[in-house]
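Colleague: What follows is the residue order along each chain.
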Amino acid sequence: MKNLFVMGLGNSGKTAIALGLALKFKAEGYQVAYFKPVGGQGCPGSTDVDAVLMKEVLQMSAPLEVIAPCSAGYSYLSKSLHPEWAELIRNAFAELSRDVDVVVIDGATFPHALAASGMDSVSLCKQLNAVALSVLRVKNDFGLDAAIFFNRYLTNQGVELVGNVFSHVERPVLAKIEGIYQPILDQMGFKTLGIIPVQPQIAAPTVGEYYEALGGEILVGENRLDSLVEEVVIGAMTIESALTYLRRANNKAVIIGGDRADLALAALETSTSVLVLTGGLYPDVKVLARAAEKGVAVILVHYDTYTTVEKLGRVSRHIKPGNKEEINLALANIEQYCDWAQILAALQA
Amino acid sequence: MSGIVSLTNPRSIAVVGASKAPGKVGNAVVVNLINSKFGGRIYPVNPKEKTIEGLPCFPSLAAIPDEVEAAVFTVPAKAVLKAAEECGEKGVKFLAVLTAGFKELGREGLEMERALVDTCRRCDMRLLGPNCLGFMDTHTPANATFISGYPIQGEIAFVSQSGAILAAVLDRARSLGIGFSKVISLGNKADLSEVDFIADAADDSHTSVIMCYIEDVNDGEKFLATAAQAVRKKPLVIFKSGTSQAGALAASSHTGALAGSDVAYSTAFNQCGVIRATSMRELFDLAVAFANQPVPKGDNLAIVTNSGGPGIIATDWAEKQNVKITRFTKETINALREGLPPEAGIYNPVDVLGDAPADRFRFAVEKVLKDENVDGLIVLVCPTLVTQPVEIAQAILEIRGKNPDKPIFAVYMGGETMAEGSAMLAEAGVPCFDFPENAVTAFAGMANYRQFAEQERKAKELPAFVPDVKTVKAVFYDVKRDNRLVLLGSEAAEVVAAYGITTAPTLMAHNPDEAVALAENFGYPVVLKVASPKILHKSDVGGVKMKLDSAKAVREAFVDIMEKVHHYLPDVTPHGIEVQKMMTRGIELIIGMTRDVQFGPLVAVGLGGIYVNLFKDVSFRLASGMTVREIEQQLAETKAYTLLRGYRGEKPADLATVITTISRAAKLVTDFPEITEMDINPLFVYQRGVAAMDVKITIS
Chain A
1 MKNLFVMGLG NSGKTAIALG LALKFKAEGY QVAYFKPVGG QGCPGSTDVD
51 AVLMKEVLQM SAPLEVIAPC SAGYSYLSKS LHPEWAELIR NAFAELSRDV
101 DVVVIDGATF PHALAASGMD SVSLCKQLNA VALSVLRVKN DFGLDAAIFF
151 NRYLTNQGVE LVGNVFSHVE RPVLAKIEGI YQPILDQMGF KTLGIIPVQP
201 QIAAPTVGEY YEALGGEILV GENRLDSLVE EVVIGAMTIE SALTYLRRAN
251 NKAVIIGGDR ADLALAALET STSVLVLTGG LYPDVKVLAR AAEKGVAVIL
301 VHYDTYTTVE KLGRVSRHIK PGNKEEINLA LANIEQYCDW AQILAALQA
Chain B
1001 MSGIVSLTNP RSIAVVGASK APGKVGNAVV VNLINSKFGG RIYPVNPKEK
1051 TIEGLPCFPS LAAIPDEVEA AVFTVPAKAV LKAAEECGEK GVKFLAVLTA
1101 GFKELGREGL EMERALVDTC RRCDMRLLGP NCLGFMDTHT PANATFISGY
1151 PIQGEIAFVS QSGAILAAVL DRARSLGIGF SKVISLGNKA DLSEVDFIAD
1201 AADDSHTSVI MCYIEDVNDG EKFLATAAQA VRKKPLVIFK SGTSQAGALA
1251 ASSHTGALAG SDVAYSTAFN QCGVIRATSM RELFDLAVAF ANQPVPKGDN
1301 LAIVTNSGGP GIIATDWAEK QNVKITRFTK ETINALREGL PPEAGIYNPV
1351 DVLGDAPADR FRFAVEKVLK DENVDGLIVL VCPTLVTQPV EIAQAILEIR
1401 GKNPDKPIFA VYMGGETMAE GSAMLAEAGV PCFDFPENAV TAFAGMANYR
1451 QFAEQERKAK ELPAFVPDVK TVKAVFYDVK RDNRLVLLGS EAAEVVAAYG
1501 ITTAPTLMAH NPDEAVALAE NFGYPVVLKV ASPKILHKSD VGGVKMKLDS
1551 AKAVREAFVD IMEKVHHYLP DVTPHGIEVQ KMMTRGIELI IGMTRDVQFG
1601 PLVAVGLGGI YVNLFKDVSF RLASGMTVRE IEQQLAETKA YTLLRGYRGE
1651 KPADLATVIT TISRAAKLVT DFPEITEMDI NPLFVYQRGV AAMDVKITIS
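Heads up: the sequence lines are chains A and B, in that order.
Oh and the first sequence: position 146 is 146 in our numbering, straight run, nothing missing.
Oh and the second sequence: position 525 is 1525 in our numbering, straight run, nothing missing.
None of these hints come from the bench; they were simulated from the model.
Treat each hint with caution, since some may be false.
To be verified - In silico BS3-like pairs for lysine-lysine, Cα to Cα no more than 30 Å straight-line:
(1) A:Lys-139 <-> B:Lys-1480
(2) B:Lys-1078 <-> A:Lys-176
(3) A:Lys-294 <-> B:Lys-1082
(4) A:Lys-176 <-> B:Lys-1082
(5) B:Lys-1473 <-> A:Lys-320
(6) A:Lys-294 <-> B:Lys-1547
(7) B:Lys-1552 <-> A:Lys-176
(8) B:Lys-1050 <-> B:Lys-1020
(9) B:Lys-1330 <-> A:Lys-294
(10) A:Lys-139 <-> B:Lys-1222
(11) A:Lys-294 <-> A:Lys-324
(12) B:Lys-1324 <-> B:Lys-1078
(13) B:Lys-1581 <-> B:Lys-1480
(14) B:Lys-1297 <-> A:Lys-176
(15) B:Lys-1564 <-> B:Lys-1534
(16) B:Lys-1552 <-> B:Lys-1616
(17) B:Lys-1234 <-> B:Lys-1406
(18) B:Lys-1093 <-> B:Lys-1048
(19) A:Lys-294 <-> B:Lys-1534
(20) B:Lys-1297 <-> A:Lys-324
(21) B:Lys-1473 <-> A:Lys-311
(22) B:Lys-1330 <-> B:Lys-1234
(23) B:Lys-1082 <-> B:Lys-1050
(24) B:Lys-1093 <-> A:Lys-139
(25) B:Lys-1473 <-> B:Lys-1402
(26) A:Lys-2 <-> A:Lys-320
(27) B:Lys-1616 <-> A:Lys-176
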């Protein structure tokens, strides 16, 4: 049986799809392992949150440094080309694949990452005897162009492409994917194997993930770190117009200066998950009391609003190992919206 | 709320935390109770003392042999909860917690305050404070505060959220000889709030007017109901601070609650007949005026003065306050002509001239007050060589005795020479002001009170209407399922249409072909508008195309809108594009609604379209319980009204349908509390009928 390499851009929903497919294959009676050859950050293995999740969910006996042997950051070349990684990956894969039917391989944040060292997703896919599944998060027509461009590269490189899965599909785009994008892909010989609608439960980052990205201090709501953040609103408006803006956003993070008690209180009257107070300005105690009453977390950060917003751009969502509901949703998505049988057939071919 | 009457009239009071040491709060309360000649029993409680101020002191509440009806707490914050438990066991009914250190200090304090409220609820006790000065009742009498000085007996009930303001007002009132019936310091309003004491004072036979200083209200709906009830019995004058932007911020920080918008407070006060004072001075003046003067039968004001300037100032101010400077009857004018020197001004304001002795004032005041066209009088006196301030005061007091139905206000402009006469008037209950503006404002407040009472009698209910609630529910269900809070234009149009509001035909297209099909169906010309809950101002991002009169134009506009929107907002994917039949332009109105955090839905009406932000021509009403008359008045307050009635030879527009439309919008937002914001802008108004062109709705 072949292995499955799930690739796509960061935040495209690769891991959720890898998780769902792995669980499905397992349910179909196959022995499944998860492999993440190139992790995102920090020291090898131990910090890769996706590896931690999959180890637990798939009950893998392999240690984390085998499941995720390498880790490359934005400046990985500063040290060297890391020729040793190739061997690390080879050995880890050999160990993981020994007793299983199929390995689900999760690509790096970008498919092109580590191309300089010959360990980009496409090269690894060929080396690891895998077929490719390309996960797309398309927001506009150019997004589809990028997907086609990448599909063609895969086939030119001799990789077997099973097909594309559209993930995090927002309702306004749904009709367009079905009516325009999918026919174009069909015409070019690329299969669409799934269209998964966006689900805030697994797409929206949690307050905890915001806190990790921002640092700072949690002033209230240590027990609210699991709340979802679906939208971000910057509170720089007058109090009269504030409610109008704040009411339009659901489960939001509101970023304001710590001295704007009026805006903070207005935000607490609307659907808010977290208040991020910038500039290191401690808020009025009454704001904290009200936040505690409303069950909203308050994070104090010491940088300005612009920097805060920049940092928020890097927040991404990871499914937590303990969260049954999210894990089940990942599986349900595969069963309901994906042609998993066709993917399985491609692995057996 | 009769249940709280005995708070200020208990048979026995325990002072928990009583002290021997002069200067301590625990001592001041005991001394004040004794000095106020409180007729019930006073029980100081302090385990360390045997007697305090000559009264036997008890080690605990349980040690008091008799029943205790009320307890005043001066113990430290940490000891309050335990003391409250003991009160509960003892069967105490009312607690006045003077102790500070609760909600106002933050989270821990808030938790303590909550625990205190829980204990009170469990033991069936009512709680005043914490963090307050206590209460006074000059008729009980009882002074359970630690303020130095006790007011003279009077008919004004004063309820204040600020202890400092309360103490300052009492001090000033004493120097002016003004008395009070009840004085309540609300503090943190953990349990009892302004609502309870307004209701209590409204039923109190010793109170003729209620004055309040507040920074916020706890429960807008309850406040409206209570205030409306109270106003039917006696005047209620409220000074609410935090009206400015910075003031609201300050109030938010101070009270820890989001202030309802100031316009909501003004609207709410207006609609339930509360007289809103705009300054401390006005609050005071109005309370004094109501306490001592009869309510005028109308807003026709007469002025008698010995100097032209102040007369003009008073007249100017009257116009600003919507008070009429009345026209005298022929008889009055003739009498004045005969009785006054030829140079005197015999029309309103009557100028008795600078050389007027007291007798000339007396003559003019008497004649003017007799006039049936006069509802109230202001006597303006300026010091000249021959002015007789004391004699004029005597004359005014005598004439007042003969005309008990009409209010008289005096203005003694000047200093030392006027002081004696001024004090004489104030003591006898004729409000005497330093400057004309204050007197006019006081009269205006009284006239407004009368006007409100009359309007209430004439109120007309709206005709019954059965809306299509199911459609609205279905639309909201879809929007919520889509995880959105903002309705698309076509959805919002469907919602208001279900409430009988005529809308321009609007439907959504997902591609150019659909758009053309819809346009052909509606008939050209049409308008195309981008549909996305993320876009608040569509035309700012090139999301609106008007006057499209062919299939080709519609196709091009569709693509153009999509590209423009993508250019300005690359991260937003529109749901589609709305095709709307282009309507003939009418008079453009806006009907808006925002849900105030305190008072609920607030409906705004005014000139719509692009003029909204330019002219800010809007008038507000609370949506609940709106009457036809109120809507008419609301419209009449706008400039748009002039247009609707036919400006410069134009034919009048369909006012009746406008009124129905406003009432339907009000019903919609009242029926569906999940609507947090709504805007119909513009609403085209024609000679017959209306059409809503653009509807925005946000739900929660």
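Colleague: Which hints, by number, does the structure contradict?
Modeller: 2, 4, 5, 6, 9, 10, 12, 14, 16, 20, 21, 22, 24, 25 and 27
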